[in-house]
Amino acid sequence: MSALRVDALSAGYGGAPVLREVNFEAEPGQSVCVLGPNGGGKTTLFRVLLGELAPESGTVTGPGRPAYVAQTERTRLDFPVSALDVALMGTLARGRWWLPASGADRTAAATALERVGLADRAGTRFGELSGGQRQRALLARALVQDARLLLLDEPLSGVDPASAALIAGVFEELRAEGRTLLVSSHDVESARTFDRVLCLHGRQVAFGPPAEVLDRRTLEATYGSEMIVLEEGGPKRAVTIQHHEHGEH
Amino acid sequence: MEVLDFLLEPVQSGIGRRALLEVALIGAFSGALGFWVVTERLAYSAESLAHGLLPGLVLATIAGAPLLLGAVGGALAAAALLALGLRDERIGPDAGTAVAVTGLVGLGALLAFLPDSPKRLEELLFGDPLGVTDGDLIAAALLLAAGGVALLVLHRPLSAAAFDSAGAAALGVRPALLRLALLALLALAVAVAVQGLGALLVLAVLVAPPVAVRRHAGTPGRAMLAGAALAVVAGAVGIEISFHAGSAAGASVALALCALAALGAALPTRVRRVARPGAPSRSPRRAPAAPG
Amino acid sequence: MPSPLDLADLPFLRDALLELVLLGIAGGILGAWIVLRRLAFFSHAVGSATFPGLVAADASGVSPTLAGVAVALGYAGGVERAGRAGREPSEATALLLVACLAGGVILASDVFESGAAVDRLLFGTLLGLEGIDLALSAAAAALAALATLTLGRAWAALTFDPDSAGTLGLPARVADFLLLALVAVAAVAAIPAVGVLLVTAIYVLPAAAARLVARSVPALICWALALALADGIIGLYLAYWLDVPPGPPVALLGATTYVVIALVSPR
Chain A
1 MSALRVDALS AGYGGAPVLR EVNFEAEPGQ SVCVLGPNGG GKTTLFRVLL
51 GELAPESGTV TGPGRPAYVA QTERTRLDFP VSALDVALMG TLARGRWWLP
101 ASGADRTAAA TALERVGLAD RAGTRFGELS GGQRQRALLA RALVQDARLL
151 LLDEPLSGVD PASAALIAGV FEELRAEGRT LLVSSHDVES ARTFDRVLCL
201 HGRQVAFGPP AEVLDRRTLE ATYGSEMIVL EEGGPKRAVT IQHHEHGEH
Chain P
1 MEVLDFLLEP VQSGIGRRAL LEVALIGAFS GALGFWVVTE RLAYSAESLA
51 HGLLPGLVLA TIAGAPLLLG AVGGALAAAA LLALGLRDER IGPDAGTAVA
101 VTGLVGLGAL LAFLPDSPKR LEELLFGDPL GVTDGDLIAA ALLLAAGGVA
151 LLVLHRPLSA AAFDSAGAAA LGVRPALLRL ALLALLALAV AVAVQGLGAL
201 LVLAVLVAPP VAVRRHAGTP GRAMLAGAAL AVVAGAVGIE ISFHAGSAAG
251 ASVALALCAL AALGAALPTR VRRVARPGAP SRSPRRAPAA PG
Chain U
1 MPSPLDLADL PFLRDALLEL VLLGIAGGIL GAWIVLRRLA FFSHAVGSAT
51 FPGLVAADAS GVSPTLAGVA VALGYAGGVE RAGRAGREPS EATALLLVAC
101 LAGGVILASD VFESGAAVDR LLFGTLLGLE GIDLALSAAA AALAALATLT
151 LGRAWAALTF DPDSAGTLGL PARVADFLLL ALVAVAAVAA IPAVGVLLVT
201 AIYVLPAAAA RLVARSVPAL ICWALALALA DGIIGLYLAY WLDVPPGPPV
251 ALLGATTYVV IALVSPR
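Chains as they are written, first to last, in this note's numbering: chain A, 1 to 249; chain P, 1 to 292; chain U, 1 to 267.
Because the hints were derived from the structure by calculation, they are not lab data. Nothing here was measured: the structure is a model prediction, and the numbers come from that model. One thing to keep in mind: the hints can contain errors.
Claimed, not checked - Below, computed lysine to aspartate or glutamate pairings styled on EDC-like, alpha-carbon distance capped at 20 angstroms:
| no. | chain 1 | residue 1 | chain 2 | residue 2 |
| --- | --- | --- | --- | --- |
| 1 | P | 119 | U | 243 |
| 2 | P | 119 | U | 80 |
| 3 | P | 119 | U | 113 |
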């Protein structure tokens with residue numbers, strides 16, 4: 001019984017489809033790394049999965065509303081909310097949004113902050129947190145939402161090592177709870193730690209376990225000229241050129 | 001108690017009491033709504049809406065209809081024309097807005113200057129709190145009640161969407177619908193407040209209170225309450241000045257509001273400034289502020 | 001309906017006609033740059049900012065024209081210093097303009113007791129245009145033409161490629177400030193005829209309509225000139241016929257022209 005199933009998906013923004021031929025399945029408890037260049041369709045795929053963009057063809061079968069952890073650049077740093085307030089926003093997904101947050105809601109938010117190691121920063125303004133702490137606060141929001149499927153947009157980019165370790169730890173917990181994670185990333189090496197890898201470049205280039213997918217041919221097909229392979233004696237390491245142009249598509 | 005007698009002078013007359021009540025009711029709602037107007041960068045739209053509803057007001061005076069009706073009709077027409085004016089990308093939103101607003105102001109003024117029109121243009125442009133009727137007060141009270149409830153009910157979705165629109169959408173919030181609701185509340189606030197402050201000055205009651213508090217308030221809720229309170233205070237100060245100095249009442253309230261904004265923006269803040277994106281964070285030397 | 005020839009026959013209307021022709025020239029030429037450089041809001045704001053100064057000058061015998069030009073240039077300087085942020089309507093600017101309008105009306109009705117001046121300053125007048133008003137409008141028109149001939153290339157470069165303009169060795173900031181200053185002076189020149197609130201009727205509306213059909217900068221300037229002159233002269237005639245200040249009919253004509261062209265022209 002798969003948690004997420006995508007069949008023959010194709011999606012676009014009016015002209016030619018920017019994403020075609022996407023077919024994959026993810027089981028509960030699996031983590032999937034989504035690799036691809038900017039403009040290759042990662043964001044488009046997420047938008048379809050979130051229900052923001054209607055696919056031009058194909059189907060998506062998923063477990064209800066996914067949680068979404070975006071880049072913190074997309075949030076307003078000058079908006080006066082604390083880390084706890086951000087976590088509390090996750091309770092909006094549970095309905096009764098027209099009432100103030102209940103005691104149970106607050107407890108859930110506080111618990112989530114503890115899980116991400118921000119319990120001592122609950123009252124700090126979001127804009128005053130460090131980059132890694134902000135990412136963890138957004139993760140806490142997703143935890144409160146209690147979704148079976150989590151979509152994360154480059155959650156570890158620009159994050160300090162301590163936060164990154166904490167976040168990776170939470171990912172393990174979520175997988176143990178049977179939740180499915182889709183993580184888009186620029187870091188090809190880290191993809192080896194995931195259960196599955198999905199390579200996108202306008203279409204699905206490959207999907208499968210990292211050992212099968214992360215070979216030179218597939219990576220070149222995915223990244224084209226944006227990839228450099230380093231072969232310095234030791235094992236081959238693939239490095240992609242990272243363009244920090246968020247907000248495309 | 002000479003000072004108290006002095007201050008209470010406006011309250012002695014029916015006109016004064018109604019003027020104070022009108023600016024208090026309008027100020028309470030607009031001062032709170034203003035937080036969202038500024039957060040969602042709607043100040044310029046509010047200004048354009050306010051100027052653009054002038055023909056509606058003038059037509060109401062010509063037809064002998066209630067000003068509120070003219071204001072609401074004018075606001076709807078202005079909103080539609082503004083949306084059309086923004087459609088063509090070649091001329092840019094600022095020129096598109098100018099075409100709509102200048103055209104509407106020109107139309108309104110033209111109608112007002114026609115020989116048979118009632119000579120009320122200055123009142124429509126600059127407001128007339130001293131001419132407020134009981135009907136106006138009822139409208140303002142209803143606005144405060146209904147609009148206040150709407151703001152309470154929408155508070156959590158509005159905050160989530162203002163903070164992170166995409167993330168909020170993932171939570172089930174509908175940012176497009178929220179924006180529509182906000183614009184509707186804005187149009188209503190402008191339509192009611194225009195009678196007290198006039199089409200040219202009404203923006204002050206929506207924008208000055210949030211500007212005054214924005215560097216000082218810790219949470220959206222506190223910013224809205226503080227904004228409402230300050231707007232009421234500024235309104236009272238304006239009416240007092242108008243009574244004692246004999247100055248135009250609507251303009252006095254508007255100036256009091258602007259002075260308040262300048263004061264609030266200039267005061268040193270106790271709330272620590274927000275870290276710029278990309279800047280290294282500084283570890284605080286004191287305990288963080290209490291949760292709001 | 002009075003005869004259109006009255007515009008040329010009656011002395012006071014001749015002055016008004018000349019004024020609107022000169023403003024039409026300035027409005028057409030500068031309007032093209034205002035639309036291209038996204039200065040529509042600035043041109044409106046600079047007019048409103050002069051309002052209290054004009055009221056005070058009007059009542060105390062100081063030349064309102066000089067006072068207006070001084071305030072307008074000061075405002076232009078402030079906007080240039082503020083950089084990008086100064087052009088776009090911000091909350092602070094919006095409140096500043098409200099304060100100027102409120103302050104002006106209090107000065108007029110309560111301090112100087114010159115309440116009648118308010119309508120004239122806000123919407124313009126057919127009568128009472130003085131020599132200095134015509135002189136300023138002529139100067140604005142001449143400067144607009146001259147500046148376009150000398151600075152036009154720089155302004156075009158700034159519009160279409162702001163980043164490379166610096167590498168071309170153009171003194172971008174100076175050229176930019178000169179445009180702001182010129183728009184400021186021209187806006188003040190338009191105030192006696194169309195009023196503080198409707199400055200954009202001459203400087204933005206015709207050029208915006210022209211932008212819909214023109215395919216090059218010279219074509220834009222020509223179309224804007226033609227429309228600004230037409231709007232101004234026909235608007236003057238309407239003002240005379242209906243016995244209203246000139247600002248409102250010119251504004252309404254400008255907006256209507258825009259709508260008609262927008263409906264008729266291909267995307």
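Verification of the hints:
1. Between residue 119 of chain P and residue 243 of chain U the CA atoms are separated by roughly 14 angstroms; this keeps the pair inside 20 angstroms, and the hint holds.
2. Note on residue 119 of chain P and residue 80 of chain U: the hinted pairing is violated, with a Cα-Cα distance of about 40 angstroms set against a maximum of 20 angstroms.
3. A C-alpha spacing of about 18 angstroms is found between residue 119 of chain P and residue 113 of chain U, which places the hinted pair at or below 20 angstroms, so the restraint holds.
The structure shown violates just one earlier hint, number 2.
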